[in-house]
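Q: Listed here are the chains, written in short residue letters.
2 protein chains.
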Amino acid sequence: MSSESLNIDYIFKNHALLKLALSHCSSGQDNNERLEFLGDSILGFFIAEELYRLFPEGREGQLSRIRADLVQRSTLADIARELALGSSLNLGSGELKSGGADRDSILADALEALISAIYLDAGLETCRKTVLGWFEGRLAILDLDTQTKDAKTRLQEHLQAIKSGLPEYEVLEVAGKDHQQTFAVLCRVELLPEPVTGYGSTRRDAEQEAADAVLKELSL
Amino acid sequence: MSSESLNIDYIFKNHALLKLALSHCSSGQDNNERLEFLGDSILGFFIAEELYRLFPEGREGQLSRIRADLVQRSTLADIARELALGSSLNLGSGELKSGGADRDSILADALEALISAIYLDAGLETCRKTVLGWFEGRLAILDLDTQTKDAKTRLQEHLQAIKSGLPEYEVLEVAGKDHQQTFAVLCRVELLPEPVTGYGSTRRDAEQEAADAVLKELSL
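Chains Y and C are the protein sequences, given in the same order. Note that this note's numbering has the first sequence beginning at 1, numbered continuously upward. Note that this note's numbering has the second sequence beginning at 221, numbered continuously upward.
Derived by calculation from the structure, the hints in this document are not laboratory data. None of the values given here were measured: they were computed from a predicted structure. Treat the hints with care, as some may be off.
[To be verified] Cross-link-like lysine-lysine pairs, in silico, DSS-like; alpha carbons within 25 Å at most:
1) C:K397 <-> Y:K97
2) Y:K216 <-> C:K436
3) Y:K163 <-> Y:K216
4) Y:K163 <-> Y:K149
5) Y:K216 <-> Y:K149
6) Y:K19 <-> Y:K97
7) Y:K129 <-> C:K349
8) Y:K19 <-> C:K397
9) Y:K177 <-> C:K239
10) C:K369 <-> C:K383
11) Y:K129 <-> Y:K13
12) C:K383 <-> Y:K216
13) Y:K163 <-> C:K383
14) C:K317 <-> Y:K177
15) Y:K152 <-> Y:K216
16) C:K436 <-> C:K372
17) C:K317 <-> C:K239
18) C:K436 <-> C:K369
19) Y:K163 <-> C:K436
So here's chain Y without its partners, still in its complex pose:
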């Protein structure tokens, strides 16, 4: 196996690292699971920092949603396909026969493993440059306002889907003077024992932040 047959824009010094990164756990005990564990966190850091710098006006909830879109399994699998990882994967015979080389979960895991392999081979800055290069097209078209649905809508849709009661919002406090007010809004849902508080410079913003905090508590 050689990195030259891949479109990863990086040549490994230590080819054993590349081989390990492309070895799915079905192939044996020397596989990419540990590298995937590390690579997931490196990718999370790169993307978070990039979004932090790209969107100085972005609120935390907006940045979190964009990041979740960028690092979700289907996106990572698409990037792995663009890098032509599939044909270089080392799979067990069962996975090979059942089409594992094009399965989203296997491709996404291999991509994350490849990220930490590059990190271990060349250090953080080379890894960052290479990885952000893979995401370049996706990062270039990001827009804070066109990302997914707002938090209140997503929370309501989720609760309806699982037949739980609708959320209730209540203004807890309005602090500060006329044009510098901070609203504190409580959001109550049946699934959580305590209401969750959101803050914003308008009531609407505070409700969105509260809904966002509830989605976080529910791991959504």
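Given chain Y's structure and the hints, the job is docking chain C onto it.
A: Okay, now just chain C, sitting in the frame of chain Y:
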């Protein structure tokens, strides 16, 4: 506010960053939410890399569980208390009155914000050294085998708690020769449309890995 009154083992060059990191969203529009977003990912990276290096024999599932314990809200809040963050927090009047300075969520968020503030003030290596110093005692007592319950137990307990059917395990494939075998085991649960595969050098290991993969799919 000055960093000298904190036990954070770091002196800020740019005090505005420290002030921002300690400003809860209830205090106004210039608050620590964006820093928290970035800090969360930096912390995840530091802890993942440290565990990767500390436990060369650790499996991905074990490392993930240890990391989850280390970065969970209650642990971060405890560390924030050790660093004496509470009394330096900048809170809105409502949060101040209702004891926000000792609330786990507010302390944990401030700790994450402080991490990225140090990163922006001094770069990655100083930040890493400082943050891992905060975790030193907790990292020193880690043990791969005494961490929490195994995946099969946790999955079973979760499914019982939500009154869903118990998981079913099935050996899909045994590959390789006598002492180098790889078992592929399917785990089926009512909550997921497809069975999930785990791999290991014993049937028991493969079942644990399958249960672990199901817990991940369920975001647990």
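Q: Against this structure, judge whether each hint is valid.
A: Here is how each hint holds up against the structure:
{"no.": "1", "hint": "C:K397 <-> Y:K97", "in the structure": "19 Å, holds"}
{"no.": "2", "hint": "Y:K216 <-> C:K436", "in the structure": "16 Å, holds"}
{"no.": "3", "hint": "Y:K163 <-> Y:K216", "in the structure": "19 Å, holds"}
{"no.": "4", "hint": "Y:K163 <-> Y:K149", "in the structure": "20 Å, holds"}
{"no.": "5", "hint": "Y:K216 <-> Y:K149", "in the structure": "15 Å, holds"}
{"no.": "6", "hint": "Y:K19 <-> Y:K97", "in the structure": "20 Å, holds"}
{"no.": "7", "hint": "Y:K129 <-> C:K349", "in the structure": "23 Å, holds"}
{"no.": "8", "hint": "Y:K19 <-> C:K397", "in the structure": "22 Å, holds"}
{"no.": "9", "hint": "Y:K177 <-> C:K239", "in the structure": "22 Å, holds"}
{"no.": "10", "hint": "C:K369 <-> C:K383", "in the structure": "20 Å, holds"}
{"no.": "11", "hint": "Y:K129 <-> Y:K13", "in the structure": "17 Å, holds"}
{"no.": "12", "hint": "C:K383 <-> Y:K216", "in the structure": "24 Å, holds"}
{"no.": "13", "hint": "Y:K163 <-> C:K383", "in the structure": "16 Å, holds"}
{"no.": "14", "hint": "C:K317 <-> Y:K177", "in the structure": "19 Å, holds"}
{"no.": "15", "hint": "Y:K152 <-> Y:K216", "in the structure": "12 Å, holds"}
{"no.": "16", "hint": "C:K436 <-> C:K372", "in the structure": "12 Å, holds"}
{"no.": "17", "hint": "C:K317 <-> C:K239", "in the structure": "20 Å, holds"}
{"no.": "18", "hint": "C:K436 <-> C:K369", "in the structure": "15 Å, holds"}
{"no.": "19", "hint": "Y:K163 <-> C:K436", "in the structure": "23 Å, holds"}
Taken one by one, the earlier hints all hold for this structure without exception.
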